[in-house]
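There are 2 protein chains.
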Amino acid sequence: MKAMTIPATGEPSVLTLAELDQPTPGDHDLLIEVHASGLNPVDTKLRSGKFRAPVTFPLVPGFDVSGRVVGIGPEVTRFRPGDAVFASPPLFKPAAHAEYVLVDERLAARKPECLSHVEAAAIPLALLTAWELLYDMAHVSEGQTVLIHAAAGGVGHFAVQLAKARGCVVLGTASSDESFALLDTLGVDHTINYKSEDVEARVMQITEGQGCDAVFDLVGAEVFKASIPLVATRGCLGTIVGIPADAELNPLFLKSASLHAEFMGSTAMNGGTPAHQGGILKQAKAMVEAGTLKPHVSQTFPLEDLAAAHELQASGTATGKLVIKLRD
Amino acid sequence: MKAMTIPATGEPSVLTLAELDQPTPGDHDLLIEVHASGLNPVDTKLRSGKFRAPVTFPLVPGFDVSGRVVGIGPEVTRFRPGDAVFASPPLFKPAAHAEYVLVDERLAARKPECLSHVEAAAIPLALLTAWELLYDMAHVSEGQTVLIHAAAGGVGHFAVQLAKARGCVVLGTASSDESFALLDTLGVDHTINYKSEDVEARVMQITEGQGCDAVFDLVGAEVFKASIPLVATRGCLGTIVGIPADAELNPLFLKSASLHAEFMGSTAMNGGTPAHQGGILKQAKAMVEAGTLKPHVSQTFPLEDLAAAHELQASGTATGKLVIKLRD
Chain D
1 MKAMTIPATG EPSVLTLAEL DQPTPGDHDL LIEVHASGLN PVDTKLRSGK FRAPVTFPLV
61 PGFDVSGRVV GIGPEVTRFR PGDAVFASPP LFKPAAHAEY VLVDERLAAR KPECLSHVEA
121 AAIPLALLTA WELLYDMAHV SEGQTVLIHA AAGGVGHFAV QLAKARGCVV LGTASSDESF
181 ALLDTLGVDH TINYKSEDVE ARVMQITEGQ GCDAVFDLVG AEVFKASIPL VATRGCLGTI
241 VGIPADAELN PLFLKSASLH AEFMGSTAMN GGTPAHQGGI LKQAKAMVEA GTLKPHVSQT
301 FPLEDLAAAH ELQASGTATG KLVIKLRD
Chain P
1 MKAMTIPATG EPSVLTLAEL DQPTPGDHDL LIEVHASGLN PVDTKLRSGK FRAPVTFPLV
61 PGFDVSGRVV GIGPEVTRFR PGDAVFASPP LFKPAAHAEY VLVDERLAAR KPECLSHVEA
121 AAIPLALLTA WELLYDMAHV SEGQTVLIHA AAGGVGHFAV QLAKARGCVV LGTASSDESF
181 ALLDTLGVDH TINYKSEDVE ARVMQITEGQ GCDAVFDLVG AEVFKASIPL VATRGCLGTI
241 VGIPADAELN PLFLKSASLH AEFMGSTAMN GGTPAHQGGI LKQAKAMVEA GTLKPHVSQT
301 FPLEDLAAAH ELQASGTATG KLVIKLRD
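As you go down the protein sequences, you meet chains D and P in turn. Read in order, the letters of the first sequence are residues 1 to 328 in the UniProt record's numbering. Read in order, the letters of the second sequence are residues 1 to 328 in the UniProt record's numbering.
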């Protein structure tokens, strides 16, 4: 089968089209014919060597898949060949920028029928990240004020929709006209241009000096540090990037605040049960079909152009998601 | 009225018995005749200068009270003179190591009838701390494994009972025979002697290598840092002391873990609504009356011996709570 591989860390040009053996399903695996596979920051971090955990090269990236089941392991009970499914293939195994990928059936869910494979492939990793952060960790609830940095990004645009679905008042930062247009469509209550406005002043004006019940930093580093004063007493700060070593966290203690450090790959990395994430995707499918969740794909690429997709992903300028399309 | 005051930071000997004016209730205040008032680490931190937020001296410490309402402000609706109440008087105002104290009615709850004033005065600040940390922030739930450091201490023995009430499997550390006897009474599932045992090895053996769903550091500094490896994937670490500046928090991110920094004075410090804490005490009263929550008072002192109580509190060797008794 054809697969794009990262033979070693480097620039996007290191990405190499290779011919690999089609994999054989393990006991609980689905063999999925890949129709589309999304891109995420983890792809460019693995390629550039900025990923925080040890990995072995060469590797096949692509941690979102939507496709069709064409083979199953002997213990598989929930899916049959022919089923259309979507999932986030685990880190540390050959992933979905390839013609075929193996995914444990417990990680997978049926594809929402109203979505194309390209749209469904935009969901898994970013939605799981937003869901685990906002629902499992921060428990966002009705009436809370929620600030989402980079609200029009891959994780951001799902975070906005999850917060709105729970009845939160959502503040979102962005900078491009295209991003603000998306945020308007998603019903963000207050948009803030982080390039031209004083974010802290706007947040304090909107929240009448209280700060936000939840602040989600989807950018990292200086944005994390600048987020600390924006958290309300008994509020929380969430990150999907990590906690900067030089961040002064004592102000969070004096506000009795929580810090949530979400890494959706932690379960796979630490040998945890995959059923939790499969269950989230099943709930996401229901939200999509109910019209309360919709992925935004800003651009698709053929598998052979993965390097161009990496360039755009790494630029941080794309709204929503970039998706590799292999088949209709 | 008589009151013990801290005229300036220093040794326990700085504590001074003074004659102060009886205070006059503001709109929402109860004037409480103090029957008993508990001691907490915040008292010794204020006195020794180790408190993290700015305070003004002289001050009257004592942030737990059980007593009788003898006067009310014009806006008070829920209590009448004669009512027996308990509460945690707010930081940054004259507190309860005195014959009378003012408390906003929204912070107060009716004293559990089955408890003496001494027992009721052992509850507020420590119970509120444990409740906010375990229930509001960590959302401990049935079947979770919960490790509580210093489980026989003031906050610890309430944390144990709150975790047990939610159906958690509780691991508790302690070192003295008296502490282990208390932990047995409270139904701790696994006790660990942190002086004679390898805490990490015991925790990993008990949890089959997974770590605990929630680890509560009620000690600080080195105990905080040693707690990080004990947290399970998607678990949490809670502190009531603060986050050491030199703690390496990245392992929490790779486990997708949360960090909860509880400071029960944050609401008072930041001008938040007092009704939340009054509501918790009302629920605590119901648990006491249902037999699922019981304060442990290891020693009482007369007001004049507050310095001796401070010495014992600061030693860290007392189990449960120390209480100043002013009246029967």
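Warning: the hint list may mix true and false statements.
[What the hints assert, rightly or not] Far from chain P, by Cβ distances over 10 Å, these chain D residues were calculated:
(1) His28
(2) Asp83
(3) Asp136
(4) Ala201
[What the hints assert, rightly or not] Calculated cross-link-like contacts (lysine to aspartate or glutamate; reagent style EDC-like; alpha-carbon spacing at most 20 Å):
(5) Lys225(D) to Asp246(P)
(6) Lys50(P) to Glu248(P)
(7) Lys225(D) to Asp21(P)
Simulated from the structure, these hints should not be mistaken for laboratory data. Positions of the beta carbon are idealized from the N, C-alpha and C atoms, including for glycine.
Hints and how they fare:
1. His28: 19 Å, holds
2. Asp83: 28 Å, holds
3. Asp136: Nearest chain P Cβ is 7 Å from Asp136(D), so the label is violated.
4. Ala201: At roughly 19 Å from the nearest Cβ of chain P, Ala201(D) sits farther out than 10 Å, so the non-interface label holds.
5. Lys225(D) to Asp246(P): 16 Å, holds
6. Lys50(P) to Glu248(P): Distance of about 23 Å is beyond 20 Å: violated.
7. Lys225(D) to Asp21(P): 46 Å, violated
Hint check: violations occur at hints 3, 6, 7; the rest are consistent with the structure.
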